[in-house]
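Peer 1: So you can see what is in the structure, the chains are spelled out below.
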Amino acid sequence: MSEKKLMIVAVIAYIMLVFVCWDDSIATSPDGRQILTFWHTYNDQEELVLRDIIKKWEGANPKFTVRPVRIPFDGHKAKLRTALTVGQGPDMARVDWSFVCELARKNSVVDLETLGFENIRRQYLEAPLETAYIDGKYYGIPDQSTCVAMFYNRQMFKDAGLLPEDPNAPVVPQTWEEFIEVGKKLTDKSKDQYAFAMTNTLWWNLPFFNSYGARIVSEDGKKCVIDSDDAVKALEMMASLVSEHKIEAGAWRPGAISPEQGFVNGKYAMVFMGPWNLAKFANAKMDFGVGLIPGGTKGTSTNVGGTDVVIFKGTKYAAECYDFLTFFTSAENQKDWCSKLNQLPINLGAYDLVSFEDPHLMMFMEQMKHAGPNPVVKDYSLLEDLVNPEVEAVLSGQKTAREALGAAQKKVQERLIDF
Amino acid sequence: MNSTQAIDHHNKHSVKAQRIVLFVFLIAVMISMSYVISGQLFKFGVMAFSAFVTPEGPDAVTEAGKLMQSMTVVYNGLAVVLTIVLTIFVVKKFLALGQEHRMPFIKRMVLYLALTIGVVVVLFPFFWMLCTAFKPSGQELVISKTNPFDIVPSEPTLDNFRRVLKVDAASKSMAAVDAIEQKKNFGTYFLNSLLVATTAAFLVTFFAAMGAYVFSKKQLPYKQQIFMLLLATMMIPGMMFMVPQFFMVCKMGLFGTKWAMFLPHLASVFGIFMLKQFMDTIPDSLIEAAQIDGASEWQVFTVVIVPLALPIILTLFLLTFLFHWSNFLWQLIVTNFENPLSITLPVGLALFRGQYTSELGLIMSASCFSIVPIAVLFLFAQRYFIEGMTQGAVKE
Amino acid sequence: MAITSSKDTAISFSFLSPFLLFFGVFLIFPIFYSFYLSFFGSPTDYSLANLDFVGLSNYFRIATDMQFWWSLGVTALYGLISIPLGISAALALALLLDNKLFGKSFFRSAFFLPNVLDMLVVGVIWTLIYAPKFGALAQITTWLFSEDNFFNTTGLLGSPMTALLAVVIAMVLKGAGFGMVLFLAALQNIPEAVYEAADIDGATEWQKFKHITVPLLRPIITFMVITGVIGALNAFTEIYAMTSGGPQVVIGGETVGSTSVAGYYLFKQFDAGNYGYAAAISYMLLIITLGITWLQQRFMNRDNGQEVKK
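Residue numbers (the numbering used here), protein chains in the order written: chain D, 1 to 419; chain G, 420 to 815; chain C, 816 to 1125.
Simulated from the structure, these hints should not be mistaken for lab results.
Glycine included, each C-beta is placed from N, C-alpha and C at the ideal position.
Errors might be hidden in some of the hints.
[Unchecked claim] The list that follows gives simulated cross-link-like pairs (lysine-lysine, BS3-like), each with its CA atoms no further than 25 angstroms apart:
(1) D:Lys106 / G:Lys526
(2) D:Lys313 / G:Lys670
(3) C:Lys915 / G:Lys526
(4) C:Lys919 / G:Lys511
(5) C:Lys1023 / G:Lys511
[Unchecked claim] Simulated coverage check for chain D against chain C, where a stretch passes if three residues somewhere in it have a Cβ under 8 angstroms from a Cβ of chain C:
(6) 79-86
(7) 398-404
[As the list claims (entries may be wrong)] Only some residues are given here: those of chain C computed to face chain G with a beta carbon under 8 angstroms:
(8) Ile826
(9) Phe875
(10) Thr879
(11) Gln882
(12) Trp884
(13) Leu928
(14) Leu988
(15) Pro1034
(16) Thr1052
(17) Ala1093
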């Protein structure tokens, strides 16, 4: 009998569930104003600031309203691709920098030159802006940008007697040669302690390549130049950290834990890391500092991360969208945004307006000025898939840098650029 | 004669000695395992308790840590007591046995120890997930320097759970923004997923059971060939179907509805295959007996086949439920994000994850929540498909 | 006679109809559509309307695609290790837990439980267990030996020799409980009388296992072999979560991933938007598996035939 009772309870529960969930209609019409849909991937705090900015814009544009719709960052590419397939894309969206080229080549985003971008583009930081520069035109505006810099563990530097007496002097070595020297003093294999740890993906390796002035893809995007002498030099130096000098912990191997975890645990003295981890490390009660990435033949450099905002061809209100997005990324609003959220500005005008209490963030602002160009290709994840295995083969000593980069160049040219 | 007796005697002694050595060794293994496992479990209990009783605040983590510190005696003591009780129990039982029963007893001990080791290895991911969910941000992989077996955090926090349930300050102010935002919470996602997963699991199991019955016990022209064809379609990876199925769902005007979440996945060849293979092991004589008693086709199916196949049917139900409970990619592309009422749990959990926050603790606590209904379902079903298996109709 | 059989057929169809309805609507079209796509190049925009017909060139490209054939080899190896290991683990558990045993239900539930965890979560957790310097395995070996041991420097997933095996072990431990449930349920359908008769004939335990248990469990074993093959062909999430196809090995100048299985390679193509090529690969995989199945069936039938003649 209890089985019967259980069944009845289950059925009633199910009917109630249907009743609760059935009505999935929701009132979405906002008092007759024209809706501009903006798909974004911000978090809660960022969305609050975004809504403030939207309110300000709507005050000046009473006929329109911007509806921010959050989609998950994991999967925003798949979501946009499929939505565009059936013509259900938004008016504008915030996308990862690596996605803009694909959208532009597939003819689905608006060329901003037609809306007068030429006049204002000089106010944006160059390296992030370059990620939206495809085949001679600009297709997106950077809205948020990051880069990596060198985090170091102060305690470990102190223990090794490497902290300079002058508190204003840089702690992290200035060149890769010095880096190797310092690295040897920080490495103690018997204590499982290493000077440095790196992950092997192209984006994380860009600081190495850029500090030697090596490009991955030529400026016009027509040729893969990863086999240049500069790139070979950069990769040889990377590999020497692992094999010759043995100051790297092997975090590039598949299945290894990301460098940041080793850094938090006090096993790695230096790692590349972005500003998004500042709060987390402070939370873990670490004594750490941030410095510039050591310089190669072309001085210090780094990569560019972050997102761009784009306008889709499906919209009827491209001019209004453009107006909103330029308002959103204007120097004044960037100042609000960055000081409220502790983020790096992408508008050069905001650089002078923003000042952070956190010295680490100031260091990031300095590093950002030296950011090198990112490779802009139709399919960035394929580029990673083609290059990373070859670099791994060098790190594990199975190929020389020249062989590996030659093979990578051939593959990228065949599969990605001419394909 | 005498010498052989002596050898015999000697052998007996050495066998006895061997047995004692073996037993002592096993007891040692048992004691260490029992101490480590129960220590960890009790510590987990104390950890969860102190995390719950500590009020929110900036120093909550250290407070909870201090509370745990003060209760060290409790969990270590409990572990020691439990281990001692267990040891006394086993030793007493062993000594009470006659010589000839001792070897089987030792074998049984080995079996239990092996099974326990197996369970520990298999369930370790679960335990690790639970523990990580309690760790404060940034310390997910901070490891105990003194004892590598100790994975329970010593400074627990409920922050991860709170953030998943969206009770932190930022979200509260978000909810005040407008009516749509208010619906964006864990509860909505959870109920939506519950509806989608139960409906889909029920229909899939029902259809698959009927289909499997035909393929296993009924006549159908070209039955074997049709079955082979169905199997062949299983070889094509599911991702190839995604884009065309998305097309169809949109053409039918189902985009953003709950129908779209599960309709394309209702025809489960896997389910038919699994149930058919099991039904093949049911003797035909049972069906014939029912038919002689005058049972209709439907009655044969519901009275003979379904009860016998219940454990497997429930397994299929559970697996289908799970599939729909975590079917991220498909549900992502058919979700209409402008309408939070169409967001399901896997997609909703992805919304919590920011771009740069690959925070393990947050992901693990979200996973903890998402396995709750599965655990409940499992507990109910367990009665039928774990214990039910021991009382099959054939064996009576 | 003819009437009953047609009535039987009608009943069969009515039982099958709900399944066939959804199969026909939601699977037949995609199957043909993806076959159709395999003759087209990559789309130039998102609408999938402007595709250029390339004939069989996607299939010709597969023939010279070293990475594909390598991934096929890795898949075969993955299947050859994981299927026997998975079946024997499940069968061993089922036989152990079919006895009278205190706490039997607890053990059964415990072994089945990992199946309810998401594959991605399991993959992440096992990666952390295997991880050099931080994982449980590395810490235990460091505690037992020294810092300079394989588990602490390279890790199981870091070496091309052990990475695939490590993935298989994680997956077998996750999946063994499922097979165990199937075997346990099927064991209940073996009438006790058969064993009793064998006892009277003086059969040993091994003989009973080999001549009674295994034949009666054959449908389940078939199921596990075939789903194992499908699992190996579709293996993707575990590779994605644990190794991303690495560690790399250089063979004849070509760099290939030691755990890059066909499913993972296919996903990469799909993710890159090469729908045509991805479709061609999946049909190639289908043809190869069906070919192997057909050959194996032929040989099996011949063997059976000979046995019957004897």
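Peer 1: Please go over all the hints and tell whether each is borne out by the structure.
Peer 2: Going through the hints against the structure:
Under the criterion of a C-alpha separation no larger than 25 angstroms, the hint pairing Lys106 (chain D) with Lys526 (chain G) is inconsistent with the structure, at around 68 angstroms. Proximity of Lys313 (chain D) to Lys670 (chain G) is assessed by CA-CA distance (about 22 angstroms); at most 25 angstroms being required, the pair is judged to hold. Simply put, Lys915 (chain C) and Lys526 (chain G) have alpha-carbon atoms about 14 angstroms apart, close enough for the 25 angstroms limit, and the pair holds. With a C-alpha separation of about 23 angstroms, the suggested pairing of Lys919 (chain C) with Lys511 (chain G) holds against the 25 angstroms cut-off.
Note on Lys1023 (chain C) and Lys511 (chain G): the hinted pairing is violated, with a Cα-Cα distance of about 36 angstroms set against a maximum of 25 angstroms. Closer than 8 angstroms: that is the beta-carbon criterion, and the segment 79-86 of chain D has 3 residues meeting it against chain C, so the requirement of 3 holds. A count of 4 residues in the segment 398-404 of chain D with a Cβ less than 8 angstroms from any Cβ of chain C is obtained; the coverage claim is therefore met, three being the minimum. The criterion of a C-beta within 8 angstroms of any C-beta in chain G is met by Ile826 (chain C), whose closest approach is roughly 5 angstroms, and the hint holds.
Because the smallest distance between the Cβ of Phe875 (chain C) and any Cβ of chain G comes to about 20 angstroms, over 8 angstroms, the interface hint for this residue is violated. Violation of the interface hint for Thr879 (chain C) is found here, the shortest Cβ-Cβ separation to chain G being roughly 22 angstroms, above the 8 angstroms cut-off. For Gln882 (chain C), the shortest C-beta to C-beta distance to chain G is roughly 17 angstroms, which exceeds 8 angstroms, and the interface hint is violated. Of the supplied interface hints, the one on Trp884 (chain C) is violated, with its beta-carbon coming no nearer than about 18 angstroms to a beta-carbon of chain G, more than 8 angstroms.
The criterion of a C-beta within 8 angstroms of any C-beta in chain G is met by Leu928 (chain C), whose closest approach is roughly 6 angstroms, and the hint holds. The beta carbon of Leu988 (chain C) comes within 6 angstroms of a beta carbon in chain G, closer than 8 angstroms, and the hint placing it at the interface holds. Taking 8 angstroms as the C-beta cut-off, the interface hint given for Pro1034 (chain C) holds, the closest approach to chain G being about 4 angstroms. With a least beta-carbon distance of about 10 angstroms to chain G, the hint placing Thr1052 (chain C) at the interface is violated under the 8 angstroms criterion.
Taking 8 angstroms as the C-beta contact cut-off toward chain G, the hint placing Ala1093 (chain C) at the interface holds, the least distance being around 7 angstroms.
Hint compliance for this structure: hints 1, 5, 9, 10, 11, 12 and 16 are not met, and every other hint is.
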